[in-house]
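**Student:** Which chain is which? The protein sequence lines are A and B, in order. Quick note: the first sequence uses this note's numbering, first residue 1, plus one each step. Quick note: the second sequence uses this note's numbering, first residue 229, plus one each step.
Be careful, since some hints might not be right.
[To be verified] Simulated crosslink set (EDC-like; lysine to aspartate or glutamate; CA at most 20 Å straight-line):
| no. | chain 1 | residue 1 | chain 2 | residue 2 |
| --- | --- | --- | --- | --- |
| 1 | A | K158 | B | D246 |
| 2 | A | K171 | B | D376 |
| 3 | B | K395 | A | D190 |
| 4 | B | K341 | B | D330 |
| 5 | B | K467 | A | D195 |
| 6 | A | K158 | B | D233 |
| 7 | A | K158 | B | D240 |
| 8 | B | K467 | B | D408 |
| 9 | B | K395 | B | E405 |
| 10 | A | K171 | B | D373 |
| 11 | B | K341 | B | D326 |
| 12 | A | K171 | B | E356 |
Calculated directly from the structure, the hints in this document are not laboratory data. Every value quoted in this text rests on a predicted model; they were computed, and no experiment measured them.
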Amino acid sequence: MEVHVVGNENQSLYTDELEQHFRMRHQVFAERLNWTAIQRSDHRDIDQFDNGNAVHLLVTDGSSIRGGSRLISHQFPTLLTSVFRHLMRRPFPDDGSRGAEWSRFYIAPSAGDRYGHSLEASLLYCAVMEYALLQDLTFVSFVSSIYTVELGVSIGWKITPLGPPQLHDGKPTVAATIEVSQEALFSAQDALGIDRSCVVTKVPNLPGSPFELENTDLRQVAKKGVAV
Amino acid sequence: MLSPDDALDVIDRVQRMDSAEPLIEILGEAFGQLGFESFIVSGLPHRGVDVRPFVMLNGWPFDWFDHYTEHDYVHSDPVARHCFQTVLPFDWCDAPYDAEVDPAAARVMNEAKDAGMPAGFCIPVHMEDGMQGCVSLAGQTVDIDHEDRLMLHLIALYAHGRLRYLKRHMTMLNPPEITDREAEVLKWAAVGKSNLDIADILGISHRTVVFHFESVARRMGTLNRTHSVAEAMRFNLIKL
Numbered sequence: 001m002e003v004h005v006v007g008n009e010n011q012s013l014y015t016d017e018l019e020q021h022f023r024m025r026h027q028v029f030a031e032r033l034n035w036t037a038i039q040r041s042d043h044r045d046i047d048q049f050d051n052g053n054a055v056h057l058l059v060t061d062g063s064s065i066r067g068g069s070r071l072i073s074h075q076f077p078t079l080l081t082s083v084f085r086h087l088m089r090r091p092f093p094d095d096g097s098r099g100a101e102w103s104r105f106y107i108a109p110s111a112g113d114r115y116g117h118s119l120e121a122s123l124l125y126c127a128v129m130e131y132a133l134l135q136d137l138t139f140v141s142f143v144s145s146i147y148t149v150e151l152g153v154s155i156g157w158k159i160t161p162l163g164p165p166q167l168h169d170g171k172p173t174v175a176a177t178i179e180v181s182q183e184a185l186f187s188a189q190d191a192l193g194i195d196r197s198c199v200v201t202k203v204p205n206l207p208g209s210p211f212e213l214e215n216t217d218l219r220q221v222a223k224k225g226v227a228v
Numbered sequence: 229m230l231s232p233d234d235a236l237d238v239i240d241r242v243q244r245m246d247s248a249e250p251l252i253e254i255l256g257e258a259f260g261q262l263g264f265e266s267f268i269v270s271g272l273p274h275r276g277v278d279v280r281p282f283v284m285l286n287g288w289p290f291d292w293f294d295h296y297t298e299h300d301y302v303h304s305d306p307v308a309r310h311c312f313q314t315v316l317p318f319d320w321c322d323a324p325y326d327a328e329v330d331p332a333a334a335r336v337m338n339e340a341k342d343a344g345m346p347a348g349f350c351i352p353v354h355m356e357d358g359m360q361g362c363v364s365l366a367g368q369t370v371d372i373d374h375e376d377r378l379m380l381h382l383i384a385l386y387a388h389g390r391l392r393y394l395k396r397h398m399t400m401l402n403p404p405e406i407t408d409r410e411a412e413v414l415k416w417a418a419v420g421k422s423n424l425d426i427a428d429i430l431g432i433s434h435r436t437v438v439f440h441f442e443s444v445a446r447r448m449g450t451l452n453r454t455h456s457v458a459e460a461m462r463f464n465l466i467k468l
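Work the whole structure out from these sequences, hints included.
**Tutor:** Written out as structure tokens, the structure reads:
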């Protein structure tokens, strides 16, 4: 399995994968988790945040998508700052300029119900932290049911709630930030048994991130991930 | 009453601790503000397995803890059993059992009452590998409102997660020790040999092979043969 980072700059190389990704997101969130607000008749989960500012992390196995996540810099509107604002009672660290929101985390339904305990999930956790480090971010935010926090903390991540938990659709839900650090990456890799880098070497920059990777002429970069 | 700021401060402190001991005080104080007198953070073993290696932080009264573990109450305790049935926190009194047909369950609840722990609140924890854990607090719950219950839930998940992290970290620094013979038995199990095969190969009785596996499970806190092999490989105790 491989992790690919797909953004505005290189999405033309990933037309098929992105199509599969949006369909699987619909399958997971709109159908299985029954998020009625995002159900669409074309069975593709694409919302107002899936624009040029979003970067998608795709877990692939050959030509099939096995999982994914979305990152959006807090320089732009995000789910948290628009839809879930009420969960935020505290400001972001560093006035928010060096953070990104992690949303739509999923793994393929065929990977089974043990959500956190799959290679797909482990790769995504490590890839998000690795890419955040590459992009010089200091934190990654998320909105999630509070159960996620236990796994994050158990792999050694420092997770700070942005406010008290509240019920959302009957589920205890919290907004929080994860501290980005080299230590957090090592600790996650160690806990999850991922013993190597899992993000492609040439990746698109996250629009709005403080750090722009040099030499990312992605037209010359073949679709290449790192096998794990 | 636990103010959101106090609660977030507890969460911050829990994550900064590099050993389990200080968590007894930090958590005890926070839970105490809501009227809880004692608590425990523990994994829950499968039927018939000793709970003691699964306990990550014991804040129970010592007498009760000894009594409970010596009698293997975890397998008949309705509160512990209910953790396998729900993801939501619950009051001890809402853990279902039928005293008529399940006197063992009634006995645990009655003896807890006699030990000064008539009521409490339990937060189940479901881990990614399918294992179960819980954070259980002893004390009256009638005055605890909805917001505080949500906050307790969150604090419990932080405590459990941090303790899991610390436990893994500690065992990495101090890997379990096994004997040469135990390593040999595990090595053959790792390449797919049955207990009878291993007995033949090593020229020992089947009973002795089983004894070695039980001994390894006790040393490593593992659940079964496969779990022991996996842990032994993780700690480099056996090489194939």
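**Student:** Each of the hints needs a verdict: does it hold here or not?
**Tutor:** Going down the list of hints, with the structure as the test:
no. : hint              : verdict
1   : K158(A) / D246(B) : holds (13 Å)
2   : K171(A) / D376(B) : holds (15 Å)
3   : K395(B) / D190(A) : holds (14 Å)
4   : K341(B) / D330(B) : holds (17 Å)
5   : K467(B) / D195(A) : holds (18 Å)
6   : K158(A) / D233(B) : holds (17 Å)
7   : K158(A) / D240(B) : holds (8 Å)
8   : K467(B) / D408(B) : holds (12 Å)
9   : K395(B) / E405(B) : holds (16 Å)
10  : K171(A) / D373(B) : holds (17 Å)
11  : K341(B) / D326(B) : holds (17 Å)
12  : K171(A) / E356(B) : holds (18 Å)
In summary, this structure violates none of the numbered hints.
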